[in-house]
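Asks: Residue-level listing of the chains:
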Amino acid sequence: MVSMRALRSGLVLALALSATACGGGGGGGVGVGPPPPPPPASNVASVTIDQGPLNASVNMLFASVTVCVPGSTANCQTIDHIQVDTGSYGLRILAPVLTLTLPVETLANGNSLVECTQFVDGYSWGPVVSADVQIAGETAHSLPVQVIGDTRFTNIPTNCSSTGGTQEDTVATFGANGILGIGPFQLDCGDCDTVATHGLYYACATTCTETTVPTNLQMPNPITHFAADNNGAIIVLPSVAAGGAANVGGSLIFGIDTQANNQSGTQTVLTVDGNAEFPITFNGQTLANSFIDSGSNGIYFNDSSISKCVAPPNDPTSQIVNFYCPPNTLSFGLSIQGMNGVMANNLTFNVGNAQTMLNSNFDAFPQLAGTNPNPGSFDYGLAFFYGRRVAVAVEGDTTSAGTGPYIAF
Amino acid sequence: MPLFQSDALKRSEAVKRAALGVLLIAALGPRIASATLGEPEVTVQTDVVRAHASIKSSQDRANYRVHEIQLPSGTVMREFVAPNGNVFAVAWQGPTRPDLRQALGQYFDTYASAPRSKLADRRHVQIQQGDLVVQAGGHMRALSGRAYLLSAVPSGVDLGDLH
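From first to last, the protein sequence lines stand for chains A and B. Count along the first sequence starting at 1, add 739, and that's the number in the working numbering. Count along the second sequence starting at 1, add 85, and that's the number in the working numbering.
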């Protein structure tokens, strides 16, 4: 699909050939098929799917990010294994991997701004700091960044821990050195400038209390703070062999229709709703709360006809039982309806045996699938991005193909 | 519970709902928040942790009653009450989570300390610890989930309806 698009553009073809000549295919174990990675450019960051900092990651996409003390070009640090997540917003770094001391954002009353970030399975506590952030050739000055697990703020308010789940304040519990949230919205909260009761933002002096926050201090999608190429991003990953692969490389291209290497062309544009979701129709059911998300490690949907995995005898409480283990690979179709009415029909995906995959030494699995805790949702994770060129346009920003928030491929 | 045996139950569905809503507001006051899993429906009266919450609707379904509660954060909670008057399930959907320590009560610590999946991706929760089941999904700015007590689910209730 992408190679056909490349053939329509002599420029892109030339760039692709040049990348191949430079050995742009990456290391061994990379899956087969298109698309070739684009060449290094100021708006292109390399991304990888590998075992991650815990040597245990599955379908987790990573990039490196350079952070500097604001205004400094010397007090900087490059941090690897930052997860690339189109299902969240904001750059968050785990304190133990950060050697810099970054200034904490303060509210008008002088209190420090600290966030209790809510993920589905837990929360991460840490201050919002200011940093100059560089990814590839793009820079965001004085970007609000969360430092998770910062030892300057160790008293977690009850209102934060009461949101429940795992406290994810270490690399071991977080599974990455940080996260780069580049979903289709501007901020990590829709109304925290006027609503304090989300349990997200806290004003901290000797104690911490829930607070409203001016939008300029809230955690933003970092792309929106770049000087250029700031209307979204495109993730380009190769196809991955059915049984999986190790150390898959790809590209994170900043901007959409801002440079020769990020043109929309004839991509299908699907706008998303106020939850960054759209309906996916699968097995005759239309699931309204569906989404495409590089931060989900599987394809999560419910089909009671598919065999689930069995917990191994030495791990009877294993969560593997929530994944699918069909004896033979199964093929399915689905369709997506954008909120703009545009349909993406006749999409197909395969479901393989999760236990077989996890017994391998690979870390990228296009056929890893499991049950969805939400019966009204189809959660199409990183597997959707394999073999595709997926654009995520930010709300309110315009490209030649439309106005965000949208996902296009 | 007197509410369950109200004469309103014998009227038309619309009249019934309206009457129940009035009764509940009268009984519980306008500033209630959430009841607690495994505890009586009247626990809503003692809950002042999340003031400014309000009941959007109360509806009787076959074998249980569901209260829909609007939190000021925009998140909606649903609480499912068995005929014996105890809350057997809570569910939530919205930009952020409700106070689950409040909503899960004595079961919160079991939930919070449950072993984490080796396949955790910050997107999914599927926990069963003894009688407690917690399931959650979604992503930042759109979180949903539910918790229920297996042994307390009234017979004939479709688990798929508890959301």
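Simulated from the structure, these hints should not be mistaken for lab results. Heads up, the beta-carbon is just placed ideally off N, CA and C, and yes, glycines get one too. Each hint should be verified, as a subset may be incorrect.
[As the list claims (entries may be wrong)] Reference listing, derived: stretches of chain A covered by chain B, where coverage requires no fewer than 3 residues with Cβ under 8 Å from a Cβ of chain B:
no., region
1, 786 to 792
2, 897 to 903
3, 916 to 928
4, 946 to 954
5, 1069 to 1080
[Claimed, not checked] If you only want the chain A side, here are some residues facing chain B, beta carbon under 8 Å, derived:
no., residue
6, GLN857
7, THR909
8, VAL910
9, ALA911
10, ASN1061
Asks: Hint by hint, note whether the structure agrees.
Replies: Going through the hints against the structure:
1. 786 to 792: Not satisfied, violated; 0 residues make the cut.
2. 897 to 903: Coverage by chain B holds here, the residue count being 6 at a Cβ distance below 8 Å.
3. 916 to 928: holds (count 5)
4. 946 to 954: violated (count 0)
5. 1069 to 1080: With 0 residues in contact (Cβ-Cβ under 8 Å with chain B), the coverage given for the region 1069 to 1080 of chain A is violated.
6. GLN857: This hint holds: GLN857 (chain A) lies near chain B, its Cβ roughly 6 Å from the closest one there, short of 8 Å.
7. THR909: Result: violated, 12 Å to nearest chain B Cβ.
8. VAL910: violated (13 Å)
9. ALA911: For ALA911 (chain A), the interface hint is violated, since the closest Cβ of chain B sits about 10 Å away, which is over 8 Å.
10. ASN1061: holds (5 Å)
When the structure is compared with the earlier hints, violations turn up for hints 1, 4, 5, 7, 8, 9 and for no others.
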